[in-house]
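Asker: What follows is the residue order along each chain.
Number of protein chains: 2
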Amino acid sequence: MGRIFVVGMGPGGLLDMTPRARKAIEDANLVVGYNTYINLIQDYFPDKQFIRSGMTREVERCRLVLEKALEGYNVALVSSGDSGIYGMAGIMLEVVNKSGSVVDVEVIPGITAASAAAAVLGAPLMHDFAVISLSDLMTPWELICKRIECAAQGDFVICLYNPKSKNRSDYINIAREIVLKYRDSKTPVGIVRNAGRPDQASVITTLEDMPDNEIDMFTVVLIGNSQTYTENGRMITPRGYDV
Amino acid sequence: MGRIFVVGMGPGGLLDMTPRARKAIEDANLVVGYNTYINLIQDYFPDKQFIRSGMTREVERCRLVLEKALEGYNVALVSSGDSGIYGMAGIMLEVVNKSGSVVDVEVIPGITAASAAAAVLGAPLMHDFAVISLSDLMTPWELICKRIECAAQGDFVICLYNPKSKNRSDYINIAREIVLKYRDSKTPVGIVRNAGRPDQASVITTLEDMPDNEIDMFTVVLIGNSQTYTENGRMITPRGYDV
Chain A
1 MGRIFVVGMG
11 PGGLLDMTPR
21 ARKAIEDANL
31 VVGYNTYINL
41 IQDYFPDKQF
51 IRSGMTREVE
61 RCRLVLEKAL
71 EGYNVALVSS
81 GDSGIYGMAG
91 IMLEVVNKSG
101 SVVDVEVIPG
111 ITAASAAAAV
121 LGAPLMHDFA
131 VISLSDLMTP
141 WELICKRIEC
151 AAQGDFVICL
161 YNPKSKNRSD
171 YINIAREIVL
181 KYRDSKTPVG
191 IVRNAGRPDQ
201 ASVITTLEDM
211 PDNEIDMFTV
221 VLIGNSQTYT
231 ENGRMITPRG
241 YDV
Chain B
1001 MGRIFVVGMG
1011 PGGLLDMTPR
1021 ARKAIEDANL
1031 VVGYNTYINL
1041 IQDYFPDKQF
1051 IRSGMTREVE
1061 RCRLVLEKAL
1071 EGYNVALVSS
1081 GDSGIYGMAG
1091 IMLEVVNKSG
1101 SVVDVEVIPG
1111 ITAASAAAAV
1121 LGAPLMHDFA
1131 VISLSDLMTP
1141 WELICKRIEC
1151 AAQGDFVICL
1161 YNPKSKNRSD
1171 YINIAREIVL
1181 KYRDSKTPVG
1191 IVRNAGRPDQ
1201 ASVITTLEDM
1211 PDNEIDMFTV
1221 VLIGNSQTYT
1231 ENGRMITPRG
1241 YDV
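Chains as they are written, first to last, in our numbering: chain A, 1 to 243; chain B, 1001 to 1243.
Please note: incorrect hints may appear among the correct ones.
Simulated restraints, written as ranges between beta carbons of each label pair [unchecked claim]:
id	chain 1	residue 1	chain 2	residue 2	range
1	B	1214	A	241	25 to 35 Å
2	A	177	B	1046	54 to 64 Å
3	B	1173	A	173	53 to 63 Å
4	A	27	B	1214	26 to 36 Å
Cross-link-like lysine to any residue pairs, in silico, SDA-like; alpha carbons within 20 Å at most [said to hold, decoys possible]:
id	chain 1	residue 1	chain 2	residue 2
5	A	186	A	168
6	A	98	B	1231
7	B	1023	A	22
8	B	1023	A	44
9	B	1146	A	153
10	A	186	A	173
11	A	186	A	174
12	A	98	B	1241
13	A	146	B	1149
14	B	1023	A	15
By construction, these hints were calculated from the structure, which means they are not laboratory data. No residue lacks a Cβ here, since even glycine has one placed at the ideal position from N, Cα and C.
From just these sequences and the hints, can you work out the full model?
Answerer: Next up, the structure:
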């Protein structure tokens, strides 16, 4: 019986992929992943056999991985960022559990988008933070709104994943309005597109001016807490040290 | 003038350190860090010049780094985990800004303890989560409690950093009591000590039985949301897929 490695490949380039993740891919007989992720890494592993799958095919993908592992393949199931943060680790474990198989599943973490985006912006995550996905594919929008409200009340730095897609173009604006109930309009907001990738782009703005900036599904949005400030082009959440 | 790299080295071993982080350390003329972190990595970089500094010496450490950079050294300032999450990135930027120097500071992210711990436990971070430090060295305890309360209300998976030290042995119990106001006593809790290090240890328990387990300052505690469950020894927060 083969083994399954659920691999977080980080932003996508080899420089930000841990040796543990790279080795899992190199050692695998088969690498499975969403099209876009395979595109990011296939050139680094020219001799590898890949199976690509489409978006919203997550469960099928995991079933295929299990099937191949039961056939004897060591399979690497890849996600961008951290496989354990909104990644494939959970579904893979659920599919294996439901099947009653005893295949070994190892989760290999990677640099998540919050970390990659924060490094680009400066140091916005120096204090307590909340990570919230605005995708309502699997989560009721009311619950997402409640979480934004709770995070804003608690003065958490807020990191928004999946801030926008075609079907929910105004969610990010509603999220902004909820935060504005609790936070100053001058609160810094960092927007990073394709964090850690060659076409990376970022801007630091404020809650007030946030709507002037383009936000899409490749973007991560970091909203500062009440202490966050911008200086010399860097977004900084102070920890409280007297510098 | 030299450059400053604030390097997140991940849990500590080379397998989990990104090539970007490793290269920054290798290319540096000088590596500065807290004693414990230097101990973790010094054997990997035998020819490197290290400067060690004690705990609670963060500002001094950053001033030294700046001074050396101004003298022409390329300096790597290392933290475990992600340098951008409760790490040295913020203080370093603040010290440089305050000095009025124009030294270039690059932040290099690493695998943070939440990611490393989650991978050990299974897949607890598949949904929205809040990261909270229980250290009151720089943060009023009342604010920490408020954040725990908000995170519990919002049904976030909760990841507690610095859950215990000599001077605040009961904080983790108070945190637990706050969460119990909103969450079932059977809610899974993962406790990981030295995540990603050779002496790693972990246990999956419940809010109810959490006090029976040892928690210290090398531990990260992950409290599940209302949907989190344990199966086959893994802690899983379902995303909502029909598997």
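Asker: Hints first: check each against the structure and report whether it holds.
Answerer: Here is what the structure says about each hint:
For residue 1214 (chain B) and residue 241 (chain A), the hinted distance range of 25 to 35 Å is satisfied, since their beta carbons lie about 30 Å from each other. Distance hint for residue 177 (chain A) and residue 1046 (chain B): a CB-CB separation of about 56 Å, consistent with the stated range 54 to 64 Å. As the Cβ distance of residue 1173 (chain B) to residue 173 (chain A) is approximately 41 Å, the hint placing it in 53 to 63 Å is violated. Checked against the given bound of 26 to 36 Å, the beta carbons of residue 27 (chain A) and residue 1214 (chain B), roughly 35 Å apart, stay inside it.
Taken as a hint, the residue 186 (chain A) and residue 168 (chain A) pair is broken in the structure, with Cα atoms around 25 Å apart against an allowance of 20 Å. Simply put, residue 98 (chain A) and residue 1231 (chain B) have alpha-carbon atoms about 10 Å apart, close enough for the 20 Å limit, and the pair holds. For a cut-off of 20 Å, the pair hint linking residue 1023 (chain B) to residue 22 (chain A) stands: about 16 Å separates their Cα positions. Restraint check for residue 1023 (chain B) and residue 44 (chain A): the C-alpha separation of about 19 Å stays at or below 20 Å, so the hint holds.
With a C-alpha separation of about 9 Å, the suggested pair residue 1146 (chain B) and residue 153 (chain A) falls inside the 20 Å cut-off, and the hint holds. Using a Cα cut-off of 20 Å, the hinted pair residue 186 (chain A) and residue 173 (chain A) holds, with the two alpha carbons roughly 16 Å apart. Simply put, residue 186 (chain A) and residue 174 (chain A) have alpha-carbon atoms about 17 Å apart, close enough for the 20 Å limit, and the pair holds. Distance hint between residue 98 (chain A) and residue 1241 (chain B) is fulfilled; the C-alpha atoms sit about 13 Å from each other, no more than 20 Å.
Note on residue 146 (chain A) and residue 1149 (chain B): the hinted pairing holds, with a Cα-Cα distance of about 14 Å set against a maximum of 20 Å. Taking the CA atoms of residue 1023 (chain B) and residue 15 (chain A), the gap is near 9 Å; set against the 20 Å cutoff, the hint holds.
Taken one by one, the earlier hints fail for this structure at numbers 3 and 5, listed in ascending order.
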